[in-house]
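K.L.:
Add chain B to chain A, keeping to what the hints say.
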Amino acid sequence: MTGRFEIVAAGSAVTDSPAPATPKNVSHLGGLPNPSAAALAGRFPGAVERVVVIWGETVVFVKPAAVFEAMQWLRDDPAQQYDFLSDVTAVEYRDFEQPIEVVWHLRSLPYRRFLRVKAQLPKKGPLEIASVWPLWKSADWLERECYDMFGIRFTGHPDLRRILMWEQYREGYPLRKDFPLRGRFSRAEQLRQALAQNPETRYSMEELSVADAFEDLPADMRKRLGTGERTGE
Amino acid sequence: MGLIAPSGADIVSYDPKSQEGWVATRLDFLVNWSRANSLWPMPFGTACCAIEFMATAASRFDLARFGMERMSFSPRQADVLICAGRVPFKLAPIIRRIWQQMPQPKWCISMGACASSGGMFDNYAVVQGIDTIIPVDVYVPGCPPRPEGLIHGIRLLQEKVMNERRADNRIREEINPDPSSELYIPPSAINELGEPFGNSVHQNRSAP
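As given, the protein sequences belong to chains A and B, one line each in that order. Going by the working numbering, the first sequence opens with residue 1, and the numbers climb by one from there. Going by the working numbering, the second sequence opens with residue 1001, and the numbers climb by one from there.
Same shape as in the complex, but just chain B:
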């Protein structure tokens, strides 16, 4: 949910010896268990990662084992946004709007190198990581990741969901972008994230 883990987030909430009491922690466990096993994904497939995502949903890998077989093509009934593929700048306001239309609690999986960092598309048209637009919970590396990779990411997300506590109100609060810049993270951080790496450092921003 948030980009910074709350203090004490490492406390396992369904531990009976935690200070929140047996009833509250058992209720947490029940709620989290039901949530984690019925995550409805909002597929945002823009490229080849979406093909692997479809393969994950199909019979061989069978996303239904995790209670995710119901693709929610309406963001208002979705729990987890799975961004599979590169996002050009022209799509940035659209994925932002889809994210803001999803009700809390909501999570986001950034699937593949392009969604996570821009990947090989270090150019004028592609967003350098969707975490510059919306908060991301799980990054799945790969180009594209195999279905096993996505399932691993989903399992990580389920683990995160299982560790949430009702006493922590932040999972029910909408995180709003900074009103002056309309961004979730400061522009300097975005510039830092968008810096070239690997072979592309030999190019510079100035015109020849």
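So that you can see chain A by itself, here it is in the shape it has in the complex:
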């Protein structure tokens, strides 16, 4: 990972590799694990709980406390180079005893590898885990969505707030199993709260400078707008 906008050719790190093809006759369980899983277990002996190969894809269960270090190593180690974070999400199982799983989908373009990393958060403890935003900027909105839908707090995220539901949404986290399908409030109360939101508080800087929601902005955004900052990058 040298330059910020380095062009990476897929499979460039693998010498004389065959052209990628769709695998056939993939078994449900078992199969050849991704070599990165064993490398990760060797590098962080206590952190990797188990490795499962399911439908030909490798799932690595990592202890929640070690997630950031493991991810950083996976990204920066020259033999791994997982340079693309394609998804951050979570899974809650219907069995209440099962912990909530946070899932990261990593892809290594130079090695043409795919790795699924999971961390299990027990429901009794706080649902907190380290943010990987310092490693991959794509984690920004993905972690916000995960926080919005599951209530998992990503420590170190620069701007952790709701993304799909509006920010004053108070009914909870919709994808949790204890969340009723229609929400907790009556329809009239839901509508009243939805109509009370100010849709202009989170526009882009250019739009905000002319919007009448200026006074409703957080103090730091007001300050940044006041000094003439714009989003054009």
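One or more hints might be untrue.
What the hints assert, rightly or not - What follows is a list of derived Cβ distance ranges for each label pair:
#1 MET1120(B) to LEU175(A): 15 to 21 Å
#2 VAL1031(B) to MET221(A): 33 to 39 Å
#3 ARG1155(B) to ARG112(A): 57 to 63 Å
#4 GLY1142(B) to LYS124(A): 45 to 51 Å
#5 ARG1146(B) to LEU175(A): 30 to 36 Å
#6 LYS123(A) to ASN1123(B): 22 to 28 Å
#7 LYS63(A) to ALA1058(B): 56 to 62 Å
By construction, these hints were calculated from the structure, which means they are not laboratory data. Ideal Cβ placement from N, Cα and C applies to all residues, glycine included.
P.N.:
Same frame as chain A, now just chain B:
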């Protein structure tokens, strides 16, 4: 315009024998005729109904036959708001604001099952019918309605426009929501409209 029809609304205003006199009724007819045949739609397309709406505007069904080919993407130059598709709660204040920015006289067509009743999306995120947010004149059923269905709804709206009278001031008055609840209809009516129906009655609101 209003949710309740004015008394005597069934009187055809361009009937020469009506009590408003020949000149007034002829003027009504002229004004209504020009209005009904130059409705500028404000498209509010959020889902697959918008695709059918686009098909209605395209060459085969040709919305221009009804004087509606000019889509007004500014609400301030629009006459009729066509809400095509589901409206999530996050969009509720936006469609409300668009409606309030439209000048009188204005009308609203709720196109499709989702806009009219929430449709299959009986969940925490979707408004159960846009008539809980803004007044609606014509509901077009269907999932999504075919262009013929939308055209039928437009013809119904034109018929409604043709039957308006200048003597009735209400078409020029803005209907304001109740200041305490910010809603056009009482919360109890909204809860009633949002009640589950069909297969979804087997689910309840309480957490398991």
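K.L.:
The structure should be examined with respect to each hint, and the outcome stated for every one.
P.N.:
For each hint, the structure was consulted:
Distance hint check for MET1120(B) and LEU175(A): the Cβ-Cβ separation is about 19 Å, which falls inside the suggested range of 15 to 21 Å. Checking the proposed 33 to 39 Å range against VAL1031(B) and MET221(A) shows it is violated: the Cβ atoms sit about 48 Å from each other. In this structure the hint that ARG1155(B) and ARG112(A) lie 57 to 63 Å apart at CB holds, the actual value being about 58 Å. The hinted window of 45 to 51 Å between GLY1142(B) and LYS124(A) holds, with their beta carbons roughly 49 Å apart.
With their beta carbons about 35 Å apart, ARG1146(B) and LEU175(A) fall inside the hinted range of 30 to 36 Å. Taking the beta carbon of each, LYS123(A) and ASN1123(B) are about 24 Å apart, inside 22 to 28 Å as hinted. The supplied range of 56 to 62 Å is met by LYS63(A) and ALA1058(B), whose beta-carbon atoms lie about 57 Å from each other.
The earlier numbered hint that this structure contradicts is number 2, and it is the only one.
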